[in-house]
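K.L.:
So the chains spell out like this:
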Amino acid sequence: MFPAAFDYSAPATLDEALRLLHERGEDAKVLAGGQSLIPLLKLRFATPALVVDIGRIEGLDGIGRDDGTLHIRARTRHADVEKATELRGSLDVLLDAAPQISDPLIRNQGTVGGSLCHADPAGDWGAVMLALGAELEARTATASRRVPVTGLFDGPFATTLRPEELVTDVIIPMPTGLAGGTYLKLERKVGDFATVGVAVHVELSGDGRIGRAGIGLCAVGPTSLKATDAEKALVGQEPSDGIIAEAARLAAAHCQPVADQRGSVEYKRDVVRVFVQRGLHTAIDRARGGAA
Amino acid sequence: MNVNVTVNGARRSAEAEPRTLLVDFIRTTLGLTGTHIGCDTSSCGACTVLLDGRPVKSCTLLAAQADGRNLSTVEGLADGATLHPVQEAFHTEHGLQCGFCTPGMMMVAAALLEENPNPSEEEVRWAISGNICRCTGYMNIVKAIRRAAELGVEVHSEPVSAPAAGVA
Amino acid sequence: MAIAEQPALGGIGESVLRKEDARFIRGHGNYVDDIVLPRMLHMAILRSPYAHARIRSIDTAAAEALPGVVAVVTGALLEQHKLAWMPTLSGDTQAVLATDKVRFQGQEVACVVAESKYVAEDAVGLIDVDYEPLQAVVTPQQALSPDAPIIRTDKDATDNHIYHWEAGDKAATEAAFARAARVVSLSTFYPRCHPAPLETCGCVADLDPITGQATIYMTSQAPHAHRTLFALVAGLPEEKIRVISPDIGGGFGNKVPIYPGYVVATAASLLLGRPVKWIEDRTENLISTGFARDYHMTGELALDADNRFIGLRVSLLSDNGAFFSDAQPSKFRAGLFHIVTGSYDIPAAHIVADGAYTNKAPGGVAYRCSFRVTEASYLIERLVDTAAHELGVDSAALRMRNFIQPEAFPYRSATGFEYDSGDYPRAMRVALEALGYDDLRREQAEKRARGELMGIGVASFTEVVGAGKGRDYDIVGLRMFDSAELRVHPTGKAILKLGVRSQGQGHETTFAQIVAEELGIPAADVEVKEGDTDNTPYGLGTYASRSTPVGGAATAVISRKLRDKAKQIAAHLFEADAADIEFERGRFWVKGSPDQVKTIQEIAFAAYSNIPEGMEAGLEGVHYYDPPNMTFPFGTYLVVVEVDRGTGVVKVRRMVAVDDCGVRINPMIVEGQIHGGLTEGFGIAFMELITFDPEGNCIGSTFMDYLLPTAWETPRFETLATVTPSPHHPLGAKGVGESATVGSPAAYVNAVIDALAPHGVRNIDMPVTSDKVWAALRGAGVTE
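The listed protein sequences correspond, in order, to chains A, B and C.
This note's numbering applies: residue 1 is where the first sequence begins, and numbers increase by one.
This note's numbering applies: residue 293 is where the second sequence begins, and numbers increase by one.
This note's numbering applies: residue 461 is where the third sequence begins, and numbers increase by one.
Worth flagging that the hints you see were computed from the coordinates, not collected in a lab.
Check the hints yourself; a few may be wrong.
What the hints assert, rightly or not - Taking lysine-lysine and the BS3-like style, the derived pairs with C-alpha atoms no more than 27 Å apart in a straight line are: (1) C:Lys479 x B:Lys435; (2) A:Lys29 x B:Lys435; (3) C:Lys1111 x B:Lys435.
Sequences are here, hints too, so could you generate the full structure?
P.N.:
Right, here's the structure in full:
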């Protein structure tokens, strides 16, 4: 239960960190909060030659607005998202998801960026960011690019990021009109990974129809999944029990759960259906009830 | 590598391997055995300490990550002979049996009451949901924390949020 | 000497705050891993990844060459010292380190001793073992099938059967079933779970090569018994062995067995001449140390036309893992399961029990089970509820109808127990009223009409604790008496030394309260010592709720003996007759002159300075108590649940627990024990599970898979008490530590089944997880 030996570096600046990753990214691991990496190191499931601790770099955390988008800097702790109550009414799904991640102690230390890059198929932020249509800002020593979350996950615990890349921001488009959302998580106890996680974000057009619909699922596939069929079935529609039930059915059909200690394939699929249904009702009620 | 930490208000400096877990640094290198190890998957919270005032699992941190920061452990709760209200309340409300989870629970409680001086039962249960107890069934732990709130939380004399100079 | 204002005594019945808290709240507990000795080495264990395999070879060269490694110990090395196998507490043998075969995943194969625990773990990773996997036996049914691979080839076994045991009266039971109006049956599996105390097991073995003194600090619930076993196993002279059980971070039966790690650490210390520390990690604890339950049960209840229970038939199959290593009274192969008639007046019962070896970790009797009473209580309470549903009668009413009535005590059960005292109808009535049972049943009916799933579960347990009378109860031949040694100092303070050993139950306070009650010395002035075999009297330790029934009785008896001597001294001081001396709360006076008082403190001083001619000086003594009977605590637990039709998630809305453990020494501490047990019962009922895949891989070997409830899931408990004293116990007290773990799982499960019963659901085995509830609902056509 103790890590194997590794070299360690705590660069003081982002440029220094990117230089290190450029040189040694192949056998290095980035340490942000460590709440995903350190458990792996302790079990010796990860044995990097070098750990690059980005905890000393100034300015890598915080939540800010920038011209129609929300920027969550990569090293922002889950607990700090919990506290961003000003987002209630526009990005409910963020506020509903944050407190359900792991447990309060992990939330005090773990980071949004670290969690997303860890790419656990049961990771809550994956489902949320897919529902929100988020992008990541990924930087190398020489360049920078935007990676839509839809193109981030490459398999269980695998991303399309290159070893020399470091994620600096999560960028979320702010809703322009009425919006509502929620995050529903079935977990066996606090701290367990999700049995099923469903993120729902809905924006209503001026005429009350659904303008945008985002449904992200976690723990029911080899990666977090975007229930695109269900989303398409909602856009442009007048929200009704029937429309919602159909979207829920589509989302359930879309997911790819695996049977394990948490339940059978049929069980998980049905919980997706139930949660998408409940989540959409909540999201739409909130969107209707919120200020423009 | 050298790790410099302010522990319960006192500056400490010691050698550690990069892979040394903070909990082992605290227990073995610093000799503060009040912080305990109860699991190997970051699941139990027996190792909870305050890092810059925030309750964290010291088994899921490298000692290196605490370099230049403020660490509070159970040994620093009391002010000499004067118990912290949380300690007093755990005693009067029978909030401990075997005592193994107790330091972690009390550190979470101390931090909670700094932020939320009058938590509801639900808020207390939520705050300690990262800490496992096998003996008490949590009833008296919750009672103790709410009693500590009644007793009032004294402001700590050492800085709980400002990191030591020289660190970003 | 002036008579000081009588301080608060802290006698029996007072919720005295705990004396032991002082060190724990300051983080100054002294647990085994806190112990640091000069030149101390650290040991780590290499464990088998296979459930069943032959060992072809072990290559330790790379491990031995790692800087910081002092020694690598294998089974071959231990074999040279005849230490490769050790006796178990159930009369079997267990491998210390595997020699030719491994028999469960996680079994100890080799040990590294190094300068630091990090280096020790590094070296463990460098040991190369060549295994030849064999077919694994994963269920006891599989184990007992004719073509099963033989597990215990070390004993030239021809099958995997361990024991066959029966209790009760077969003929009378058959007759009862023959004339029954109705028979209700239930097959249920009590799954493998684990005590999982928050502190794992470990030791620091310190053998002084010059003096030959062996000091072993260990997580032990029974230090004296362990010391004797060390003497027998390791061949060390018993007088040279000192076992010190310092502060223990929870036991729950996990710290009763002797684990290979203790033995190898001791052997390593002997060989190396330096202290060796071994602390297991959580995975090791869950995968290899004494698990609990894993018990297949089929129960049949025979009823007459008036819904009276007339017979009970039970067949049991126990999965004991690869070695029969349980700590249980040697005469009872199935522990005290034959308490299974429970709180009910059932005139005939017959139990047949068989045990089997499997390729899993050894154990079975643990986790606050009172020696298999958890299993028995679960079966009968689930069976009674099943009967209530089949008969269409109220489950509380069916119990009331069949309770052993208060006038029937002492009550001889159909399986030979003599219940000391009980008032089951009273506990039930108190519980029903506290819950508002009738109102809730009305609410349930309304909710059912709307399709909502609400359930009320009842369990009325009687359990049996306080092992026990030496003639009937022994562990590896050591009779289960217990002891108390009390000395009163000249200044009137006292020291009490015990053969039991608390792991959080508050003995430093509660046992002082007994002395305070009997001798009048304030509890604050009574120092209580446990756990060090060098300076405590011999006892069998703390488990199976025996401390108060046996150790507490010993304490009361010796306190009374000293009180009698004190009376003699008082008589001498008053120049009166001992028969005329009155005593109350630490004050002695001559009958008729209550204003002329001598305090116990004055008597104490006189014991050393002014004793009558011919009397021995001092005020001290030791008593070894042989209990005349067990004690029978009981209670009624009521649980209310709501079930989510869409997800199968169960929410416990209320939990009312009425417990009767006779006279309560410290109500606050008793209540704390109940809270803890109700939480363990909750965990067992809803989430705790160790299971295995067909290859014998253990699922549930970390806290990611072996789930323990947090403060968020755990319900709030409403606890009440009735008091029905034990007639044979000197204080009228019974044991209580395990009552809640014994009685509550059935209450929780009964509540869920009650919620689902209208849809034809009859049983769900524990843990009752949301997916199982969902499956039961969907199977009955219920959906959201």
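K.L.:
Any hints from earlier that this structure breaks? Give me their numbers in increasing order, please.
P.N.:
Going through the list in order, the structure violates hint 2 alone and respects the others.
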